[in-house]
Amino acid sequence: MAQSHHPNYKKIYVTLLVLLVISVAGPFVGIKWITLIAAFGVAVVKADLVIQNFMHLKWERRIVKFALASSLLLMFLLFAGVAPDVMRHTGHNWVNDAALAATARGIAPPHGAGEAAAGEAGAAAGAHSNGDGGAGTDGDTAAAPGGAGSGAGQPDTLRR
Amino acid sequence: MSRPIATTRSATGIPTGRLAVWWVLASEVVIFGGLLASYLLHRLGHPEWANAAAVTNVWIGAFNTFVLLSSSFTAVLAHRAAEHGDGRRAARFLLMTIGGAATFIGVKTFEWYHEIVEGYTITSNGFWSFYYTAAGLHALHVIAGAVIMAFVARDAARGRELQRVEYVGIYWHFVDVVWIFLFPLLYIAK
Chain L
0 MAQSHHPNYK KIYVTLLVLL VISVAGPFVG IKWITLIAAF GVAVVKADLV IQNFMHLKWE
60 RRIVKFALAS SLLLMFLLFA GVAPDVMRHT GHNWVNDAAL AATARGIAPP HGAGEAAAGE
120 AGAAAGAHSN GDGGAGTDGD TAAAPGGAGS GAGQPDTLRR
Chain W
0 MSRPIATTRS ATGIPTGRLA VWWVLASEVV IFGGLLASYL LHRLGHPEWA NAAAVTNVWI
60 GAFNTFVLLS SSFTAVLAHR AAEHGDGRRA ARFLLMTIGG AATFIGVKTF EWYHEIVEGY
120 TITSNGFWSF YYTAAGLHAL HVIAGAVIMA FVARDAARGR ELQRVEYVGI YWHFVDVVWI
180 FLFPLLYIAK
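The listed protein sequences correspond, in order, to chains L and W.
Just so we're aligned, residue 0 is where the first sequence starts under numbering that gives the first Met the number 0, counting upward by one.
Just so we're aligned, residue 0 is where the second sequence starts under numbering that gives the first Met the number 0, counting upward by one.
Since the hints were made in silico from the structure, they are not lab data.
Predicted model, so just to flag it, every value in this text is computed and none were measured.
Don't be surprised by glycine CBs; every beta carbon is placed ideally from N, CA and C.
It is possible that some hints are incorrect.
Claimed, not checked - Ranges of calculated distance between the beta carbons of each label pair, as one might list FRET restraints:
{"hint": "1", "chain 1": "L", "residue 1": "Ile-62", "chain 2": "W", "residue 2": "Leu-136", "range": "34 to 44 angstroms"}
{"hint": "2", "chain 1": "W", "residue 1": "Arg-157", "chain 2": "L", "residue 2": "Ile-62", "range": "47 to 57 angstroms"}
{"hint": "3", "chain 1": "W", "residue 1": "Ala-143", "chain 2": "L", "residue 2": "Trp-93", "range": "15 to 25 angstroms"}
{"hint": "4", "chain 1": "W", "residue 1": "Trp-22", "chain 2": "L", "residue 2": "Phe-27", "range": "17 to 27 angstroms"}
{"hint": "5", "chain 1": "L", "residue 1": "Ile-62", "chain 2": "W", "residue 2": "Ala-143", "range": "40 to 50 angstroms"}
{"hint": "6", "chain 1": "W", "residue 1": "Arg-87", "chain 2": "L", "residue 2": "Met-86", "range": "27 to 37 angstroms"}
To be verified - Taking lysine-lysine pairs in the DSS-like style, the calculated list, with each CA pair at most 30 angstroms apart, reads:
{"hint": "7", "chain 1": "W", "residue 1": "Lys-189", "chain 2": "L", "residue 2": "Lys-57"}
{"hint": "8", "chain 1": "W", "residue 1": "Lys-189", "chain 2": "L", "residue 2": "Lys-31"}
{"hint": "9", "chain 1": "L", "residue 1": "Lys-57", "chain 2": "L", "residue 2": "Lys-10"}
{"hint": "10", "chain 1": "L", "residue 1": "Lys-31", "chain 2": "L", "residue 2": "Lys-64"}
{"hint": "11", "chain 1": "W", "residue 1": "Lys-107", "chain 2": "L", "residue 2": "Lys-9"}
{"hint": "12", "chain 1": "W", "residue 1": "Lys-107", "chain 2": "L", "residue 2": "Lys-31"}
{"hint": "13", "chain 1": "L", "residue 1": "Lys-9", "chain 2": "L", "residue 2": "Lys-64"}
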């Protein structure tokens, strides 16, 4: 507490609230990349404002920045190390049957979507997962359970 | 009066108490970072989760973001008051921060109650497992922060251990930062 730095907190707070409005408004534009930037780009800016000014990391000793940076690095290491196994469901010598089946089975849309449209939306969910399987490396493996899933009609993993 | 060694010794140029808080946060980054990274990996690998994510209420999430941002604001005002030696004022701002924590938990309870009643539970599917685990772990941190702030505020009001106002504030802002990332991950990306 020796050196005291106090920026204009009110200004930072108001900026944070404006950024919050932007991240909520983003999806209403209906363009995917705007939604993503409004959601995650703005989140990074908000977090940075809080960390630098409220947590006073801006004026903190370098050792703290190193400690935080190395734990963040561990997080990215985890992400990079596990990504090939989790984000893909098939590889050269392996197939993740459970993940493929889950993707093919799909998830029923929320109740709010309307009961009448449920069947139609269910089929759409099936088609969606098929499309995704096709985009993967092994179209055949992915398409088979997908077809079975949508053929069975109402894929419903949520209890009502 | 003799003071505990942690508040007086400073090998790094940082008060040891504050350094300890930073170490806690560095390990918290690994805990929450690992959880959020796993969620992101699964979410990208399972496009069908979008249907489950569509259930979450963006307005409730946005309101709770507003509550946490405001509580961070009062926490930093408490820090400034403590640095000016005004313990009573610092305690008042800390109580307002605790009020924010209570509001957050109240809203969360309302939200979870309705989701669980509608049948969306931690075992429904992968999305809901992550949803309840991540938001639940975060809520536990909110509760812990509120309890610690109550102790710090009690001392601060009597003009004691004012440096702790800053330490608990740093922790509280971290809890805010975690929510800043949870909000788009669970509520906006659909």
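Here is what the structure says about each hint:
In this structure, L:Ile-62 and W:Leu-136 break the distance hint of 34 to 44 angstroms, their C-beta atoms being roughly 27 angstroms apart. Taken as a hint, the range 47 to 57 angstroms is violated for the pair W:Arg-157 and L:Ile-62, whose Cβ atoms sit roughly 33 angstroms apart. Look at W:Ala-143 against L:Trp-93: about 41 angstroms separates their beta carbons, and that is not inside 15 to 25 angstroms. Distance hint check for W:Trp-22 and L:Phe-27: the Cβ-Cβ separation is about 42 angstroms, which falls outside the suggested range of 17 to 27 angstroms.
Distance hint check: the CB atoms of L:Ile-62 and W:Ala-143 are about 25 angstroms apart, inconsistent with the given range 40 to 50 angstroms. For W:Arg-87 and L:Met-86, the hinted distance range of 27 to 37 angstroms is not satisfied, since their beta carbons lie about 53 angstroms from each other. This hinted pair does not check out: W:Lys-189 and L:Lys-57 have alpha carbons roughly 34 angstroms apart, beyond 30 angstroms. Only pairs whose Cα atoms come within 30 angstroms are accepted, and W:Lys-189 paired with L:Lys-31 is accepted, the gap being roughly 10 angstroms.
Taking the CA atoms of L:Lys-57 and L:Lys-10, the gap is near 17 angstroms; set against the 30 angstroms cutoff, the hint holds. Under the criterion of a C-alpha separation no larger than 30 angstroms, the hint pairing L:Lys-31 with L:Lys-64 is inconsistent with the structure, at around 34 angstroms. Distance hint between W:Lys-107 and L:Lys-9 is fulfilled; the C-alpha atoms sit about 27 angstroms from each other, no more than 30 angstroms. Restraint check: the Cα-Cα separation between W:Lys-107 and L:Lys-31 comes to about 28 angstroms, which is no more than 30 angstroms; the hinted pair holds.
A distance of roughly 25 angstroms separates the Cα atoms of L:Lys-9 and L:Lys-64; the hinted pair therefore holds under the 30 angstroms criterion.
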